[in-house]
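The chain contents come next:
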Amino acid sequence: MPKMIIELEDLKNLARLAKIHLEPDAEENSKTDLNRIMQMIAEMQSVDTSDIQPMANPLDAVQRLRLDKVTESDHREEFLSLTDHAQHGFYTVPRVIE
Amino acid sequence: MNPYASLQMLRNELDSRALSSVELTQMYLTRINKLDAEFNCFITLAEEKAMFQAEQADAQIAAGQGGALTGIPMAHKDIFLTQGIRTSCASRMLDKFIAPYDSTVAKKLNHAGMVCLGKTNMDEFAMGSSNENSYYGSTKNPWNTEHVPGGSSGGSAAAVAAALVPVTTGTDTGGSIRQPAAFCGVSGIKPTYGRVSRYGMIAFASSLDQGGVLAHSTADMALMLSAMGGFDAQDSTSADQSMEDILALTRDSEGFALSGKKITIGLPKEYLQNLTNAELEAVYQNVQSVFSGQGIEFRDVSLPHTHVAVPTYYVLASAEASTNLSRYDGVRYGHRCESPKNLEDLYVRSRSEGFGEEVKRRILTGTYTLSVGYYDAYYVQAQKVRRLIANDFTKVFSEVDLLMTPTTPSPAFKIGQLSKDPVEMYHQDVFTIPASLAGLPSMSIPCGMQEGLPLGLQLIAPHFKEALLLKIGNLFQQHTDWHTQYPETGQNL
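So the sequence lines, in the order shown, correspond to chains A and B.
For what it's worth, our numbering labels the leading residue of the first sequence as 15, then goes sequentially.
For what it's worth, our numbering labels the leading residue of the second sequence as 1063, then goes sequentially.
These are computed hints drawn from the structure, not numbers from a lab.
No incorrect hints appear here.
So the derived label-pair ranges between C-beta atoms look like this:
1) B/E1415 <-> A/D88: 30 to 36 angstroms
2) B/H1369 <-> A/E42: 29 to 35 angstroms
3) B/T1326 <-> A/S95: 52 to 58 angstroms
4) A/S95 <-> B/N1172: 21 to 27 angstroms
5) B/S1298 <-> A/Q53: 34 to 40 angstroms
6) B/L1320 <-> A/E42: 55 to 61 angstroms
7) A/S87 <-> B/M1511: 51 to 57 angstroms
8) A/N71 <-> B/S1078: 42 to 48 angstroms
9) A/G103 <-> B/E1110: 31 to 37 angstroms
10) B/R1361 <-> A/A75: 29 to 35 angstroms
Examples of chain A residues toward chain B, derived with CB under 10 angstroms:
11) L31
12) I51
13) Q67
14) T106
Here a beta-carbon is modelled for each residue, glycine too, at the ideal position from N, C-alpha and C.
One chain only, chain A, in its complex shape:
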């Protein structure tokens, strides 16, 4: 068995954060897979990276600025038509406020 760094409670917490439900009979497999993945990833942690700047973009590009002008047109109706759950120009969801 590989060293477990993610316990069942950790997995349940991750699933909660990611808004994913894991079936009880799939939890054990998920835990094993995730631990194997993290074990593979651990190899990267031994690399000496002192004085190395993180690389967020492979070309080291930064966000471009553009003129402060409106470039988008209104697509409200088109976007709302992508769901069956829209009314009066709004998306509908289960009641949030009692």
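Given the coordinates of chain A, assemble chain B onto it according to the supplied hints.
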């Protein structure tokens, strides 16, 4: 008409009026309808729209207004948004999603007059190396249907290999164009990060995703890339770089000439030292002698951080995926669960029903590495190792023009062979991932066979040197015939 014809041959047929775009489109649609039940390359066919586009193309050609690609059929990987045609990303989440606008790539190829036959199969949200993670079932490798076509652009690669379409688009995050190209015996190019617009290309890992092409030859890829690439203000990471080198390739038959330039190819020792495949090694030696015969020199080089590329990639790609995929909340578009009890239930059940197993696994991995207390140890460390990997490439490119490696450690594996072991599956991309992390243009072309299955040769170039990559690939294809060998199925159709 030979369905394996090059784009130039198709162009000549169309321009000489030996064949109309409508006839050509019908020919490929017939092949799809007869053969694709076996291969499962397509998720959605767009027959009606294709015939309409073909008629328009014929009118353009008749009016003398056609371009190099007018009237030529193609297909998009089902990750590119296509207005009016479903874009599923091979996920139940987007099973009913019809995009309200075109991706930049789709728009540009429409503008070039191409005819889109449909959308090709892939691993769900481009996460996978075998096409087994598709909601619509696995694509089969046309060389042997018991084997995978590779992934994630497996449908695109297999469709070209089986001549269901002359050329397809694909996307590559850690090898998703090159590995399926190698497994299916076709040519595939992943351009420099930022060369092809990501606008309307469904996001997996935004600092790595790059659109590209799968085709029968480097010449065909050059034509496609010249139409697809270029700066796009709608993609915030699009590179504002000239396309002139690539356009020059397509202008005349001399475009691919190396014009006496001395070329040195580097052989990274880290890619070869653990190779246990003697047949692949022999193939690789043979490739070197083909190039040597053309005056190309070789030099052994070292990329010392190669062994940590796979773990680094899985930290970065999973973290970016978990962030990108948080948009699928069941509210605005995509799958929504039946009768949610409350808002939390709506989010959780919609996502749990909509995403497949591998996608959930990566979201959980990414959620873990980004969580409080772990962010520096995993994500920031991976970004630092990424720079070390990129620095290795920068250093060797001061000594050599290109790098050459096998694309994959072995030919296509069997369906089901690795699907129970995510870590072993991840290691399938060991040769393609380093160039992805460094954002380098990279290409796979067929270079041999092993037990009836194709093998791929990977070439890697410095940033924005796609033209050099294509020229060297073209030189190889002029002196070998691996790229004109096709699977038996469908040859007589």
